[in-house]
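Given the sequences, and given the hints that come with them, work out the whole structure.
The chain contents come next:
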Amino acid sequence: MGATDMTLREAAARMAAGERSSEELVRTSLGRIAAVNEKVNAVLEVDSHAIDAARDIDRRRKEGEELGPLAGIPVAVKDNILVRGWRASAGSRILETHTAAYDATVIARLREAGAIPVARTNMDEFAMGSSTESSHFGPTRNPWDLDRVPGGSSGGSAAAVASGMVSVALGSDTGGSVRQPASLCGVVGLKPTYGRVSRYGLIALASSLDQVGPFARTVEDAAILMRAIEGEDPRDATTVGPLETYVPELDQPSVKGLRIGLPKEYFVEGMDPRVKAGVMDAVRAMEAAGATAEEVSLPHARYALATYYLVMPAEASSNLARFDGIRYGYSAGTPSLRETYEMSRGEGFGEEAKRRIMLGAHVLSKGYAEAYYRQALKARTLIRRDFDEAFKTVDVIATPTSPCAAWRMGEKSADPLTMYLADIYTISANLAGIPALSLPCGFSDGLPIGLQLMGRPFSEATLFRAGMTYQSLTTWHTLTPTL
Amino acid sequence: MPITPEEIRHLASLSRLKIDEDDVEAYAKDLDAIVGYVDKLRELDTEGVPEMAHVEDLANSPREDVVEGCDQATRDAMLSAFPRREGDLLAVNAVFVDRTD
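Taken in order, these protein sequences are the chains called E and W.
Quick note on full-length UniProt numbering: the first sequence kicks off at 1 and runs consecutively.
Quick note on full-length UniProt numbering: the second sequence kicks off at 1 and runs consecutively.
Think of the hints as simulated: they come from the structure by calculation, not from any bench.
Model, not experiment: these values are computed from the prediction.
Any given hint could turn out to be false.
As the list claims (entries may be wrong) - One side of the interface only, derived from the structure: several residues of chain E facing chain W at Cβ under 10 Å:
(1) T99
(2) Y308
(3) P313
(4) A321
(5) L337
(6) Y341
(7) V363
(8) D415
(9) N430
(10) G433
Even glycine gets a Cβ: it sits at the ideal position worked out from N, Cα and C.
Okay, here's the thing in structure tokens:
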């Protein structure tokens, strides 16, 4: 059994029984990366110290020390989350040589739980994209079909889990950047409730939307990883606590009595019929296990993408102002201050980052801010109210994660708007701040399809229970690509 | 109102972005398509709807203003990230040199 064929619970049990060591797990993980990363380009860098860290865990275990719940487990980390001593480039030239001076809170918590960060994963530049093609370090490829995209922006983390490099990874989700690549790569991904996970040490894209979230093969593993990273952090004032933590090991998940809502506005034209069929099959499977399904309405859903493409660039243009060629990152180093700004940013940022910075400047400029940005903030209120209303009669809302399976590389990169439409089902959860889980629910022509389950704020436990029940009834999550 | 190449040059200047003159047309076309799409929000009736600045019911989150400081290794790592430095100081271009700015 390989390092990543085991669930976290199995790995913990085997290590506790002395049948496996953390060193073996880390070596298997690094070996798999060495064997397949040339094809997939999911990983930008591995940490050679990881083996020492694993030996240290193994030694402490032998000495009888009480270890954390993730002791000795290799984890991959998206390139926009700071790991002390690692490069943190956010897929961008402007941060190509930037080394993180400290650990993000999620990394500090993973270490506390005993996990071992082993690899830094590829991503769309500054998490702007749905295909991982905009990375300065070359595109990541989908392990199920190397001519296709893995989704994005956390395509490296999704592909790393799908191709068996690690069993769990971290990504970030601003408009679907964990769930959509999870869907396209056939793995599990969660966008937690806004405020559940600290963003301290996450390179910001749009701060009112960003959340860090887990990737895994099983919903249970995603829940176990969440338990380690979530919770109040004085260094991120938006985090809330104390939280009701979900402990899958103490639960016997069921969907009996679970009320599933199907938003009528989502199941319309534009959705691939095979994607729709996969999602409806999943809903029927849960109905057979005791859940009920009914239609719900999210009347403002059709305004979500437009709202997102006003709020996100406005915040991104402000957040990316810090990259000025002065304090850190790439600097053109000209004699004039203005030229240093313009040349460092002009040469350091890629096309999509420039596009969104200019778009943000446009929607915030005098005369437009009222018509665009402030109108979007009002639309956001209406979108949230739609969910509050729907969640009066249902417990979860089921939709496809992505309107289509993985597309061919280059197919959508010429037209930004076409690319943006790939996030049509995921962005609402970010705008409303609610949790949303994506899990594999079938295949279309050999390519994975994802089911998205959205819930009330802080109802991650409900999503985990539904997802774990579904995975106990089906085997989609056990299938792996041949590389 | 369409996004013109002139508007792109203005936005690039506001954003302190040097962009190639050859790319201006393409940026204008892309941004115009995006703005054309988001324009549909104008049809939405938002009379009396409050703006959402934040999804949580949090207003301010005050804390004591205490300096935590950081350890020497973190401090050194941050200093070494400066593109240009003089000792422990960050080197910055003179602000008032560009008199025509």
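Hints versus structure:
no. : hint : in the structure
1   : T99  : holds, 7 Å
2   : Y308 : holds, 9 Å
3   : P313 : holds, 9 Å
4   : A321 : holds, 8 Å
5   : L337 : holds, 4 Å
6   : Y341 : holds, 4 Å
7   : V363 : holds, 8 Å
8   : D415 : holds, 8 Å
9   : N430 : holds, 9 Å
10  : G433 : holds, 3 Å
Consistency with the previously given hints is maintained throughout, with no hint failing.
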